[in-house]
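Whole structure, please, built from the sequences with the hints as guidance.
Residue numbers (the working numbering), protein chains in the order written: chain A, 1 to 232; chain B, 1 to 384; chain C, 1 to 399.
These aren't lab readings, by the way, just hints derived from the structure by calculation. Warning: the hint list may mix true and false statements.
Heads up, simulated DSSO-like pairs for lysine-lysine below, C-alpha to C-alpha not over 30 angstroms straight-line [as the list claims (entries may be wrong)]: (1) Lys83(A) x Lys2(B); (2) Lys59(B) x Lys204(C); (3) Lys14(B) x Lys16(C); (4) Lys127(A) x Lys83(A); (5) Lys204(C) x Lys161(B); (6) Lys127(A) x Lys2(B); (7) Lys245(C) x Lys97(B); (8) Lys14(B) x Lys139(A); (9) Lys233(C) x Lys245(C); (10) Lys238(B) x Lys116(C); (11) Lys59(B) x Lys116(C); (12) Lys233(C) x Lys97(B); (13) Lys116(C) x Lys204(C); (14) Lys147(B) x Lys162(B); (15) Lys162(B) x Lys245(C); (16) Lys245(C) x Lys161(B); (17) Lys139(A) x Lys2(B); (18) Lys238(B) x Lys204(C); (19) Lys2(B) x Lys14(B).
None of the values given here were measured: they were computed from a predicted structure.
Single-letter residue listing:
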Amino acid sequence: MSESNNVLVRVHDVDKVFRRGSEEVHVLGGAHLEMPDGEFLALMGPSGSGKSTLLNLIGGLDRPSEGTVEVGGLRIDRLSDRKLAGWRARHIGLVFQFYNLLPVLTAERNVELPLLLTHLSRAERRKHVAAALGVVGLKDRSQHYPRQLSGGEQQRVGIARAIVTDPTILLCDEPTGDLDRTSSDEILNLLSALNEEQGKTIMMVTHDPHAAARASRTLYLDKGKLATEPEE
Amino acid sequence: MKYLHLLWRNLTRKKLRTVLTVLAILVAFLLFGYLSAVRQAFNMGIEVAGADRLIVRHKVSIIQFLPISYERRMEQIEGVADAVHQTWFGGVYQEPKNFFAQMPVEPVEFLEMYPEYVLEPPEYEAFLNTRTGAITGVTTAERFGWKVGDRIPIEATIWSKKDGTRTWEFDLVGIYEGAEKGTDTTGFFFRYDYFDEARAWGEGNVGWYTVRIDDPDRAAEIAEAIDREFANSPAETKAEPEGAFMQGFAKQIGDVAAIVTAIVTMAFFTMLLVTGNTMAQSVRERIGELGVLKALGFTHRGVLGLVLAESCLIAVLGGALGLALAAWLVSFGDPTPTASLPIFYFPARDVVIGVVLIFLLGLAAGFFPALRALRLQTADALRR
Amino acid sequence: MVGLINWLSQITAVTKFSLRTVPERLGSSASAVFGIAGVVAVFVGVLSIAQGIRQTMVTSAAPEGAIVLRSGADSEMMSGLGREATRIISEAPGVARDAEGPLSSAELFVILNLPKRSTGTDANVPLRGVERAAPRVRADFRLVEGRMFEWGRNEVIAGSAAAREFAGLDVGASLEVGREQWQVVGIFATNGDLSESEIWTDAKVLQPAYRRGDSFQSARVRLNSAGSFQEFKDALTSDPRLDVKVARQDEFFAEQSIVVVTLITVLGTIIAVIMGLGALIGALNTMYTAVSERTREIATLRALGFRSGPVVASVLTEALILALAGGLVGGGLAYVAFDGFQAATMNWQSFSQVGFAFAVTPQLLVQGAVYSALIGLVGGLFPAIRAARLPVATALREL
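Laid out in structure tokens, this is it:
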């Protein structure tokens, strides 16, 4: 582990227990994961294998039942809700399968949303938003509402929203899961470019081998075990 | 301030629903405001009763008379500062439905006892100098379009005159204002000396006394002393603080007032419940979006603040309009054609209660669904 | 004709269709029904107070009863009649007679302060001094407990409503009148009319107690028939020895009840109108929601060739049915909760308490139903118009 200085994400022996009635379901069963800075990692695995759970743990959306999660040297599994929220705002960019844009806001306002949590002035926020929309190629669509945009465009707005704060890591949960092939490719091109040109660390949960192929490394999660090859 | 846009966009997400919700709250608080005035009317101005005044009446009932000589005797009781008398005249102006209270009084003493009846100095002078003079409150003057200088004929139902006629003519020399909102400005007062001399019977008898005492804390004790003074006489008395007397009077309207207010209060809270539920529903529908905000790094407090700001804004918008509308409607005064509610206004205390209720509505309607959204793990909320 | 039938069958079809989806929209439909039920319950409830007072004071007064007061007096309290006058009245033409003489009672009306059972605070009870004919002058006088007072003694009987409202009006108890103790010896009823709120005693006993000499305040007579009134009135008003005012009992009490009945009716109406606005908003909300949830369905129907008329009608019908259901529930609620509820209030004209029972009359229930239907119609109209105006093509694409 000569590169340990550059490890950005360190997940150690984590488990997440869900309660279904009287039954306890262990989702991750002590998973380990290390992600170096600048990596574009694809995480694959069957439904229910805990891919999204792992992603949520790294993004601080959820806490592990056991084990530790360290991002950028910080033990986030121990942070209070309040601290965690602030940490998320600074370090995490989230991209969702169903975009999760607020329908009442224009593309521009949606992208601006995370910036409201910073101390930037209105003019500075505008500048950042314009830059982010420029990166995803949607400058001319800034005044459109989500329902006026295609799925691919909405996801690009979602990505713009994720990168506008210049986060440490970009977490994408099935970013192409709801898109056709052309739009998928656009999104994947965008993510690759962000990784290669801007050095963004990206973790992407996906079902789609075609999408996973664009990543620099692919891991398979099944029954709580991470492997470099699928089981079968 | 930077959240204003988001707030506004959420409010206008479903314009029709927002408008209807605001209207529903408006109506609820209109009802609340109007009810306050009605309740106030039923209470007959207990709030403005003088703490330093007692009412002394015949023990058996207020319709029995007391001798005029009691005034002097009461004023000699320790603790009594002054005593003035009034008598129910019960006359009719034009027709019986034009009801208002008329009382013969001693002008100087009476107005000293009731400083809440505010008269311009020239009108006061005129009252002292005109034997057939009378003063009335603005409410009654406006009701019949009377002006100072008018001659008011009143048909007596109880007090016929010595000459056998029943029409008493009074010269309106003054119109008084109320010093406070709750002051009854429907009364009509004329001079006792004129009354006593002209009435065919009952000379030297008056209806009841108002007694001012030096120390309000000793009210009970002084009332007892007064009653003791006249015990075992042909006209025994019952003295009680003015507030208690009015309360007793208000209680006589009794069950009806209580039932009407109870029904309407229930209705008001039902309306709040239904509206609050509609507001809460619109928050519940957005639990997923609240999850997104949390995922983006909004704190619990931040999300809660946004939701509460929105629900309070709706509540305040509707509530303020409702209270304002109620105040406007109430300002037209007594709604009954028979003028049965002499005291009819929207008391400041109830405005405050109304404002508190508005915020409670806004907070409750936003708080509970928002709390539910926040209790959910962010990850679960997103799945909604 | 065929067109009309076709149109009607379209309405039925669409309405059935829309009503079948009501259970799916149970929450919002129920809140509309609930809202309207509340309005109607309050409307009927408050007005049943006015109805109850009116019934007590007016409706139960016998048509052949008449009352004589001094002219110029509006109430018994303000009236005064001498012994001679009451004798002339009892002998006037038209007055019914029985074996014991004319059905005429000269009466004295004063008030007495007694604590109310409900609040413990003092309130005024009418205390009436009567003559021997008094029970027979009233239509349905009967003793429900104890016995009649003995003439000439300090004894009283209490009306059942007064006995219910005031403490100390039980058989065997005694009242303090001035410095004397008067025994309560009986409780009487008069078929729910005003007398039941009074205490009765011998007028001759009451006169000295209230120092009234040999004077009275009114004369109550029972006439041969309601038609004898004019004759009776003319005889008295033209008699130079008298200066009196003659009124039919029912008209007199109607006038007496005006103040309190008007007060409650006006307040009740204002409250009902304000609440009606609230319910109207609720109904609008429900029906707009219904229309927006059925956008696709309505568009589909329209695409299949249904005209907009039946769609409008179906929305209106649904609103109307919900509203009437609310009206029914509200009316029923008011009936169960309020009808016959016993209470007392101030009768301004006599300065004393009158006991009465809330009366939820059929007429009130009909008014309530009409009011609810009105709310339903208005509440359904605007959403119906919106439904009719839905552009079919875009609506189909939505959702």
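State the violated hints by number, sorted upward, taking the hints as numbered earlier in the document. Of the numbered hints, all hold.
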